[in-house]
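Residue numbers (the UniProt record's numbering), protein chains in the order written: chain A, 1 to 309; chain B, 1 to 797.
It is worth saying that the hints were derived from the structure and are not from the lab.
Not one of these hints is a red herring.
Taking beta-carbon pairs under 10 Å as the criterion, some of the chain A residues facing chain B (in silico): (1) E24; (2) T26; (3) V39; (4) V40; (5) Q59; (6) E63; (7) S189.
Just so it is clear, the structure is predicted and the values come from calculations on it, not from any experiment.
Glycine residues also receive a C-beta, built at the ideal position from the N, C-alpha and C atoms.
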Amino acid sequence: MILKSLYKQLLGIVLTASLFYSCEETVNPDLEDAEPRLVVDAWLTNKVEDQFVKLSWTQPYLENALPTGISGATVVVTYDGGEITFTEDAEETGTYRWTPTEATSAEVFGAIGRNYTLRIVTGNETFEATSRINRTVPIDSITFKFEENDPQYPDNSYTAEFWATDPVGKGDTYWIRSYKNGVALNKPSEINVAYDAGFTAGGNFDGVTFLPPLRSVNPDEVDEDDVAISPYEPGDSVYVEIHSVTLAAYNFLNEVIIQTDRPGGFAELFSTPLANVSTNIVNVDPNGSKALGFFNVSAVSGLGKKLDE
Amino acid sequence: MIRKLPVFIIALSILMSQHGWAQSRYTLSGYIKDASDGEVLVGATVYIKEAGRGATTNVYGFYSITIPASSYTVEYSFIGYQKVVREFTLDKDIRQNIELQADSEQLQEVVVTAEDDQTSKVQNVEMSTAKLDIKTIQRIPAFLGEVDVIKSLQLLPGVSTVGEGASGFNVRGGSVGQNLVLQDEAPVYNSSHMLGFFSAFNPDAVKDAKLYKGAVPARYGGRLASILDVRMKDGNSKEYETTGGIGTIFSRLSFEGPIVKDKGSFIVSGRRSYIDILARPFVDILKDGGALNFYDLTAKANYTVNDKNRVYLSGYFGRDNFYFDSNQGFNWGNATATVRWNHLFNEKLFSNITGVYSSYKYELQFGDDSRNRFRWNSSISNFIVKPEFSYFISSNNEVNFGAEAIYYFFEPANANGISNGQPTDISLDKKYNLETSLYINNNLKINDTWAVEYGLRFSNFQYFGPGTVYTYNDTIPGERKTVASETKYKRGKSIVNFNNLEPRLSVKAGLSEVSSVKASYNRMVQYLHLISNTTASNPLDVWTPTSNNIKPEIADQFTLGYFRTIGESKNWEASVEGYYRKTQNQIDYIDGADLLINEYLEGDLLSGKGRAYGLEFYLQKKTGRLNGWVSYTLGRTELKVDGINHGEWYAARYDQTHNLKIAAFYEMTKRWSVSADFVFITGTPTTFPTSRYVVQGILIPDNASGSRNNVRLSNYNRLDVSFRLEGKQFNRKGKERKNRDYWVFSVYNVYARKNAFSTYFSQSNDRVSAGQPLQSEATQLSIIGSMVPAISYNFKF
Numbered sequence: 001m002i003l004k005s006l007y008k009q010l011l012g013i014v015l016t017a018s019l020f021y022s023c024e025e026t027v028n029p030d031l032e033d034a035e036p037r038l039v040v041d042a043w044l045t046n047k048v049e050d051q052f053v054k055l056s057w058t059q060p061y062l063e064n065a066l067p068t069g070i071s072g073a074t075v076v077v078t079y080d081g082g083e084i085t086f087t088e089d090a091e092e093t094g095t096y097r098w099t100p101t102e103a104t105s106a107e108v109f110g111a112i113g114r115n116y117t118l119r120i121v122t123g124n125e126t127f128e129a130t131s132r133i134n135r136t137v138p139i140d141s142i143t144f145k146f147e148e149n150d151p152q153y154p155d156n157s158y159t160a161e162f163w164a165t166d167p168v169g170k171g172d173t174y175w176i177r178s179y180k181n182g183v184a185l186n187k188p189s190e191i192n193v194a195y196d197a198g199f200t201a202g203g204n205f206d207g208v209t210f211l212p213p214l215r216s217v218n219p220d221e222v223d224e225d226d227v228a229i230s231p232y233e234p235g236d237s238v239y240v241e242i243h244s245v246t247l248a249a250y251n252f253l254n255e256v257i258i259q260t261d262r263p264g265g266f267a268e269l270f271s272t273p274l275a276n277v278s279t280n281i282v283n284v285d286p287n288g289s290k291a292l293g294f295f296n297v298s299a300v301s302g303l304g305k306k307l308d309e
Numbered sequence: 001m002i003r004k005l006p007v008f009i010i011a012l013s014i015l016m017s018q019h020g021w022a023q024s025r026y027t028l029s030g031y032i033k034d035a036s037d038g039e040v041l042v043g044a045t046v047y048i049k050e051a052g053r054g055a056t057t058n059v060y061g062f063y064s065i066t067i068p069a070s071s072y073t074v075e076y077s078f079i080g081y082q083k084v085v086r087e088f089t090l091d092k093d094i095r096q097n098i099e100l101q102a103d104s105e106q107l108q109e110v111v112v113t114a115e116d117d118q119t120s121k122v123q124n125v126e127m128s129t130a131k132l133d134i135k136t137i138q139r140i141p142a143f144l145g146e147v148d149v150i151k152s153l154q155l156l157p158g159v160s161t162v163g164e165g166a167s168g169f170n171v172r173g174g175s176v177g178q179n180l181v182l183q184d185e186a187p188v189y190n191s192s193h194m195l196g197f198f199s200a201f202n203p204d205a206v207k208d209a210k211l212y213k214g215a216v217p218a219r220y221g222g223r224l225a226s227i228l229d230v231r232m233k234d235g236n237s238k239e240y241e242t243t244g245g246i247g248t249i250f251s252r253l254s255f256e257g258p259i260v261k262d263k264g265s266f267i268v269s270g271r272r273s274y275i276d277i278l279a280r281p282f283v284d285i286l287k288d289g290g291a292l293n294f295y296d297l298t299a300k301a302n303y304t305v306n307d308k309n310r311v312y313l314s315g316y317f318g319r320d321n322f323y324f325d326s327n328q329g330f331n332w333g334n335a336t337a338t339v340r341w342n343h344l345f346n347e348k349l350f351s352n353i354t355g356v357y358s359s360y361k362y363e364l365q366f367g368d369d370s371r372n373r374f375r376w377n378s379s380i381s382n383f384i385v386k387p388e389f390s391y392f393i394s395s396n397n398e399v400n401f402g403a404e405a406i407y408y409f410f411e412p413a414n415a416n417g418i419s420n421g422q423p424t425d426i427s428l429d430k431k432y433n434l435e436t437s438l439y440i441n442n443n444l445k446i447n448d449t450w451a452v453e454y455g456l457r458f459s460n461f462q463y464f465g466p467g468t469v470y471t472y473n474d475t476i477p478g479e480r481k482t483v484a485s486e487t488k489y490k491r492g493k494s495i496v497n498f499n500n501l502e503p504r505l506s507v508k509a510g511l512s513e514v515s516s517v518k519a520s521y522n523r524m525v526q527y528l529h530l531i532s533n534t535t536a537s538n539p540l541d542v543w544t545p546t547s548n549n550i551k552p553e554i555a556d557q558f559t560l561g562y563f564r565t566i567g568e569s570k571n572w573e574a575s576v577e578g579y580y581r582k583t584q585n586q587i588d589y590i591d592g593a594d595l596l597i598n599e600y601l602e603g604d605l606l607s608g609k610g611r612a613y614g615l616e617f618y619l620q621k622k623t624g625r626l627n628g629w630v631s632y633t634l635g636r637t638e639l640k641v642d643g644i645n646h647g648e649w650y651a652a653r654y655d656q657t658h659n660l661k662i663a664a665f666y667e668m669t670k671r672w673s674v675s676a677d678f679v680f681i682t683g684t685p686t687t688f689p690t691s692r693y694v695v696q697g698i699l700i701p702d703n704a705s706g707s708r709n710n711v712r713l714s715n716y717n718r719l720d721v722s723f724r725l726e727g728k729q730f731n732r733k734g735k736e737r738k739n740r741d742y743w744v745f746s747v748y749n750v751y752a753r754k755n756a757f758s759t760y761f762s763q764s765n766d767r768v769s770a771g772q773p774l775q776s777e778a779t780q781l782s783i784i785g786s787m788v789p790a791i792s793y794n795f796k797f
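Just chain B, with the same shape it has in the complex (with noise of 0.2 Å):
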């Protein structure tokens, strides 16, 4: 049955779009931009008044509907612009593309979810989701005063991290490792710069951001928690257009223009810390080829060919750079290029082909001289191919299907030492995966009332040759699993094949013209593992595919929701959500685990099982001089592991009960504005030791019990404000100036409190003589312990 389901999904939609057969149809169709800079606008509205239905347009702008044969008055709208009115007589099919004008007069605003009434929150299918576009992020009060669009998620329900300064982020109680972050369809495998205090994305050059906790789309796939969607913008059509900034970190600079106007365009996007050339007249230890930089680059380039085709061609390279000297120091950063082609079969068949190229790698090295170093360096590559097709069946039914297919190639250690000019290799084998799947998802709705979204998306991955495996002798849980066995496999021979069916499935139950139910379920399998067993996941950390070992992750996730739109003009929306995840071979690592440039890596790893629930509360003022909001979640994340705890439940370190934040906008004046959050977290759970005792005169902690993560930290609380001052809009002669520009203003965590990354148990520093007892101690770090001002400024001319 299940084989035959992706048969009988299409014979199903066919049927539905049928019973309007006695009357023809026609189709509307075609893009929808900005009309200032030509940019794609993503899920803006189309609504026909006279049938009471809409759509709305999909990542690259494209939207289409098929109605019967009659006249329609046909609304074009976008949160922040100008809606445009249409008339149309639908006696054949019409291709028509509509630019919206960004609304001047009206207030600034923040939009989280860009949908209007139509196709709003409340009657749409999707949950589980957050959207924010850049004129969001930008105005979120952002540490060191640099832009963020990792950290500006993190004001969101559901989604957390384990503390300031560590990359990445938490959602719903997943692991770093367990989010697939996209840039432009690539993998983005480390997604931060300096360890985590900046994300590696340039605002710039950032469209807008779209975040899947759940009810994921089966055109997704591939990691347990969520999918981050970062989509780059296109550049500007119309005209030539520089932005840039001067922060406290980074300094930015981009180009944007045509290449054809109206047809093609793109954009050039760049950043660089420059911490280390203000520091090197001061610091020591930049001297002699020191370096502590991060920069990145991004560039993107469209062109529409015709009506049917367009073209994207998008690359991002990121590089940290931490170096003593020419000899000591380490480098790590992402690289990635995608190129896309959209075609239209017809007014109802849209596709998308997507060829990606992705990679992460670091590099660390050390020593003296040429007799005597140290080289490392480590990567990850894959190629993606991923053509994908959405069939716009009626204006209630469309059916989404497509395939992917992804390389990956792993280099986990290459690595050399020089010791006394006698040169040993201890590189580890290269690894080769091969992972595919097929998706097919249908977004029906039935009527007013029902809407449905399923798919189902069936996985494949492969291991293959050539490299060595090696099976391992169980043992006690949590002690180091020594090698039963070695088999050597040859070029392109399987060591292992796994297969998965992924159903997704999510169901609206319309209440009323303000309220909704949803609910959804989906299944998600992750074949690569972050290993990571550090509090923040590090630059160093390195990806492991399932092998003989290592199973893949499953989770099974349910959900349950009910959204409602507030207020006469429905400018206020709430939603509560609950949901339930459970996984199932989570990894971990046995206590002293050697995650490095170890073979025997695998003989390390415990797995065990994962559960996640909670419920989350948001509460949204979308428009008017004063908006944001509340977002509010209470959760529970719990592991089981043989071998840890006594294989009891434990809490993970990123369980947070209270997760509450509050994101506030306000509009002082035509040129004063100010933003704030606030942030309160109950403290992280970690282990304290009970005891201590000296062998061989080092103090050991000790925990009686053997339990972890048997307390918490303190709670976290911070607030940050930043204010920002639009520059002139008419220069002396009243004339309205080309160049725009504003300064902002930020202190992050205001009233300066020490918030408690962690507690860590040591033996003091002192040399202690013999026959005096040594000295313990609890030290409590703050990564950031003070008020931190900033200040930037940004153009655009």
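With the rest of the complex left out, here is chain A (with noise of 0.2 Å):
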């Protein structure tokens, strides 16, 4: 998957600089209508902060709004042995949190290979997922390298990466998150997620240091012209986690780049078509309406590191 999106910029660098006869203009087409539908967004850790469920209904595609959250649901994940319930936040309509303690979070995220089940009662209808808790692993450091004449970003730029080695065994999902000065890196193309230590099932690359790729930690980020500027400036930081997610989750991260990431350019010639990304969160009712979204358990692990003026 990764392979191909790097394949793709490659690409996409190398033509758009010596073919000048593409064009691409922002259109506004008309859109099939449809229905609202429940959207789940549930990504459980173990980290001892704020836990939310978010509730919410799709919206027409080129709305460019805030989703309308769903209020007044009742959202419980259970687990063997107990079950914590999320209330419903007074000011985000359709924010749902649960706040640990130390010893709460312990108490309910401390057992690894643990499954949940989440279950969301909104109208007459009841949604359920499943979800389960992996290990993770440390990260032992973070490096930044002064990039004197890398391709792809300016020269003179610094550069991320971290390092850890996966653990032996096959078949540990991780989605690698980044923050750059506090700020999540999340936009589709910084999406960074791992089979053992590579790209996918098929490539075994298990028990080793994370493939380079993947060990990258670098905002994308452009210039009015857009032109790539340097990713780390002296004085900026990086916080890095590794966040185990289950085989399904992966499965969703990865379709969720293939759907979003579009880098434009001559990299819609391979494209593929639109499809709808998978989702765990099931009707009870298998007659009922349909939901989207996804409910996930995370163990996770962090260091950060700032880059000495």
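The task is to assemble the complex, starting from two chains supplied on their own in separate frames and drawing on the hints.
Structure (structure tokens):
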């Protein structure tokens, strides 16, 4: 997956440099109408901080507004030996919160391998999803590199990469989430998922250091002229987290990359047809309405570093 | 019964040929060549006036006619050449080679079919074919002025493309991977340079290209939609000649000449793009071992050993290189080698044995240094042996039979990574296959009204070890299948074995001297599958063989056509053809399929049905100062795959309802000529979302109905024009110059229309702070969004 997007970028840059005849325009096509659907955004972690489940309605694709939250739902996560209830936020409609302490977080998320069920009751329908907390892997270090002449970036740029080694045993799946100066890097082009230390199940990179493209934690940023800028400057900080995810969540994220990371230009020659990404949210009534979104529980490791001035 | 069919066919043919037994019969045979350079003429006509019978030369320029003993007047002709008339007293077998003189007085003209009256499209049993000779191809305005075989074919009925820059072509609703592209009998697995902007064939080395869209003779097989047979020039056997050109993209140079005058010749041609050389001082990314270029080299030699034996050697090597620096980038290309031996057993039995090696390979690498890098390559190679025989029983009856064995060797991925100094090898198993076939084909002219061509191809495909194969669990259609079991096979052990019979039949009924009706049926079987789920096929797509999980693709096609010549001199030709093709076991992909370096690739594949039908209208003016053609196709191509579009029929990405093309050529003066082409195509189907939603700060599109290809892009239309200026024919002293040259000035997309290649949906690239809505946008991409002028200079000396 990432191989392909890397290859696309390679092509995109080379071809844009060599051919000047293509053109892109923002258009406003008529899109079919659709009934709104329930969207569940529930990515819980073992971090000792507020945990959220967000419920909202889908919107017309070109409607550039905040989605409408769904209030009045019952949101419960159960596991063998207990359950936690999420309570609706008074200010943010559709946001349901659970605030753990060191002790309650350890009690709920402390056992690697535990299964969880999310249950949402809204209107007269009940939705369920399951997940499992898998092992994560500690980050050994973060390094900055001064790139005098890297074709992807302007001369004299700084890039960052983290170092970690996937534990032996096939089938660990991770979402690597990074923050620059406290701001999450979550553009579609910045989504970074790993299967063991490599990209996919078929590619067998088990028990080794994460491959170079996965290790790089650089923001995708450009200036007004669409020219890439140096990812980091002295004084900037980077924080990297490795979230363990389920295989289903890993597949979900890969599908999200395919559907959302559209660099445009010649890369469009090699885009796949628009298709709906999967969901693990299931209506207990098979004839009931269909929901979208995802429920996942992660164990998280993290490490930060500042680029000295 | 079916097993005895070949025997039956031969018996029938011999029977048919015996009815004039009482009278002794003799054979007139030989080669027809161009008098100026010795190139054999393919499809040239031999017509015997008194007998009212004719024959055409085969792809090696050989003809053979058997008729009762008598005195005859024989006309040798080929469009664009002066007719030669000879008298023969046929009281024994006669071998007569003929050289035809190019008609220099005649204005340059475009010839799509080279056949003359007697064996024209109307009289011939052949249908659903199109032949373009290189002279025509050279006159069609091309993108950036580069003469292009495949782009030229796209101006003919039934041939289309998903858009500019897309590699390959689509024939009657077939996918790119369903075309067999042959260059001197060698399969070419990727027919493009620079993704799909230019085709892999060097026009200076091409003699002609013939496309079979339907009614495919039994000698061809292996792909569902079409066979494109590209023949390379033999090289000038009279004198040394250098041709070349300087274009916007490529520079070309060819050298040809006799090895032994009139007995053997050779041609060597090369092309190289030179953007990188021009751009290097200006573009940063080409520093430090970076590269951006493509080149190809074509070579061919032939030698006539004696009256009965002639040998040919030909080879091709092409490569595209894209490198950021010495550590990062990729390259791909084809290599082919062909050796052929024509042997005449006697005046009636012509044989050709071909041996071929062909491969396609790509290689990609990235990384920082030797401790951190990733390298990966993939290839398909094959070896082919193909003996073929033509038995010219009489002037009305020809039997072709032969066999073909193809050994395939696949390397789906040789990949290894070094991460922080630790190497890991993730290469996939190699795959070994053997495809063998036997065929027999009879072309029989029953009388002036009826002609029939029928044949049978038997094909066998074997997949054998060493290798590991998997079986997969059933799941909800459209989802990834998980591995159920794995089996390891030893070297040479058969894993799967498929047999298929592929019947072929064409019938012609002449209505009058100027019109006929033809019908055909053919079954085609395809054992190799191009794994590609992107809009345009890309160089990293892999070919994969039929296996325990992938069945052979099968297509049945029916065609019906009406053919007519118009005008006093029969210089207009018109046809209408209808086709209906249904396919089985067509490959499709789950959403989010992972097609590269995936050991469990087959778990991501789906299988479905296809149907394509349409009407092709064609009108051509063959001669005169103004000539050209109009082609219109009304068509539909649909797929039905469990797991896509709720298992309902949906329009394929290359479905085009209306496809109109006009090509015109006009000779303004002796030196100036102008060519133009106009294209109008219905917008291709695509999928638009209805809704958006946000998960973890990422905006995701959704199509609530879950349908595929629910809308169409806007219609496509384009006009291209090119002017050609011939260099002076005479020097100042009034002597004819030996050197010939011409300039081509062309403009592609004259009115700079921004034709949509795709419309894509994405969130804007700005970083959005918390609490602010994400911005979604729709972007329309035009691969060529402006007018593209180009100039080239071409020479010959």
